[in-house]
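Please build the complex by placing chain D on the supplied structure of chain F, with the hints as guidance.
Top line first, the protein sequences correspond to chains F and D. So for the first sequence, this note's numbering puts the first residue at 1; every next one is plus one. So for the second sequence, this note's numbering puts the first residue at 182; every next one is plus one.
Hints in this document: simulated from the structure, not taken from any laboratory. Heads up, a few of these hints could be off.
Derived pair list, reagent style DSS-like, types lysine-lysine, alpha-carbon separation capped at 25 Å [to be verified]:
hint	chain 1	residue 1	chain 2	residue 2
1	F	Lys-29	D	Lys-254
2	D	Lys-211	F	Lys-174
3	D	Lys-226	F	Lys-166
4	F	Lys-166	D	Lys-211
5	D	Lys-188	F	Lys-174
6	F	Lys-146	D	Lys-211
7	F	Lys-17	F	Lys-177
8	F	Lys-170	D	Lys-226
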Amino acid sequence: MGYQYKSEEQLLEDLRKRDEEAISYFYEKNWPMARAHVINNSGSEEDAEDCYQESFIIFMIKINEPEFEIRSLLSTYLFGIVKYHWSNQLRNRNKGGKMEPPPNNVTHPKEPEEEFNLPSDEEIQAMVNELDPECKDIMIDFYYLKISMKELAERYNIASEGAARKRKFKCLQKLKKLFGV
Amino acid sequence: MINEENKEEIIEQYLEGALTGEDLQEFEEKMAADAAFRREVALQKKIVHNVQTVGREQLRAQLKGIHKLMLEKPQDEGEIQEEAETEVKVVPLSPNKSITYAIAAAIVLLIVAGIFVVLNQDQNTFGDPLVASLPVEVIGADNTTRGDEMMDVAIYSPNDTLTQHYQFTDTLKLYGPFKPLDVHIIYNEGTGQYKLRIHEKTYGLKKTEEIMPLEEE
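If we strip away everything but chain F, and leave its shape as in the complex, we get (with noise of 0.2 Å):
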C-alpha cells in the first residue's frame, strides 16, 4: 500500500510510533541526500549507508525528546544530524580510529561486576528478546526511545500513566525475576 503522506506533523507522530510504513518512507526519501554527502566527502558507499543508518537512530531517538519541536522540515533535520555524524566520523578517522556507532544514551560508571557475578550482557539481551512482545516494547520504547508514560498509555491502551508505570514495573520485576532476583 505504501505510506500517504499527509503533513509534516502527521509524519512526525507515525516516525514517533515506530509504524514501520512511515520509517520505510521516510529513509527511502532522505537516503539520497545522505548518500550524496558522505560519497561527496571522502565516504564509501558503504560508509553511506553506516551513517545514514546511525543517523538515523539518533533521529529516532531525538525526536521523542520532551524538547524537540518541528522548526524546519523533519528531512532537514535529520540531514542535520547526518552531516554532523559524518563530519565526527570523518575526524576520528583522521585520527586513526574507525567508524563507532555512538553511545547508548544512558551513560553510567564502570561497576565492579565480579563483585556481584552479574549475568553476561549476552544472556540478559537473551532475556529480553525472550520476554512477551508487549513487555519487550513497553521496556524499549521506554528504556531505550524514551517515550513518556503518557504516550505509552495511549499507544498500549493503558488506562492511565500511573497504571502505564506499573505495567512498565510489572516488566521489569519479570526480567529480574529469570535472574534470580
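Just chain D now, with coordinates in the frame of chain F:
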C-alpha cells in the same frame, strides 16, 4: 520506605539521580548494609543498559531490512541510473600510420582551439552550475507544513555582475556563493509566495524571466 512493591521504582529513581533527602539516605544505608540489595541495584542497571542495546539493535536491523528492500526495488524514472556495462569493441583508427598521425594532430588542434574559446567565454556561463533537487517547505492555508514537493535548483558561481541574484521561471537559478545544503525554499499556499532562506536570512522570490537581485526581507 523501600518494599517489594516499590523497590524497582525507587532503584530507578536512585539510578537517575532523582532520589533526595531522607529517601536517598535510607537507600544509601540499605546499600551499605545489604549486599543482596547492592547486587539487585547493579543488576537492574545492567538490565536497563541491555534493553537499550536490544532496542538499538532492533532498530538497526529494521533499517538494514528497509535498505535492502529499497535497493532491490526497480529504480524510478528520473533517478540517476547506473550506466549499463556494454562491451566496447576497439577498432583500429586506420591501418595507414601517416593518416593516423594526421588525424591525431587535427584532434589536438581542435582541442586547443576549444580551450581557447572556452577560456574567453563570459564567466557566468563558464562551468556547469551545481544542480540539486531540494525539498520545498510548503506552509498550508491551515498553517500545517508539508515537505513532499521538490524543486530543481541550479546554483551558479558568482561573477563580477551577478553576486547574489536569482532567476525564477519553471526552475530556480541562483547566482552566488551558495551551497545546496544551505538553501531552503519555502512556499506559502495562502499567499502564493515563494521565499528563500539561506543562513538565517530570508529573501522574497518573484517568478520572472529577469535576473533579479536577492533582497533580504
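Quick rundown of the hints versus the structure:
1. Lys-29(F) <-> Lys-254(D): The hint holds at about 14 Å.
2. Lys-211(D) <-> Lys-174(F): Distance of about 23 Å is within 25 Å: holds.
3. Lys-226(D) <-> Lys-166(F): 18 Å, holds
4. Lys-166(F) <-> Lys-211(D): Holds: Lys-166(F) and Lys-211(D) sit about 23 Å apart, inside 25 Å.
5. Lys-188(D) <-> Lys-174(F): 14 Å, holds
6. Lys-146(F) <-> Lys-211(D): 29 Å, violated
7. Lys-17(F) <-> Lys-177(F): 29 Å, violated
8. Lys-170(F) <-> Lys-226(D): 16 Å, holds
Checked against the numbered hints above, the structure breaks hints 6 and 7 and satisfies the rest.
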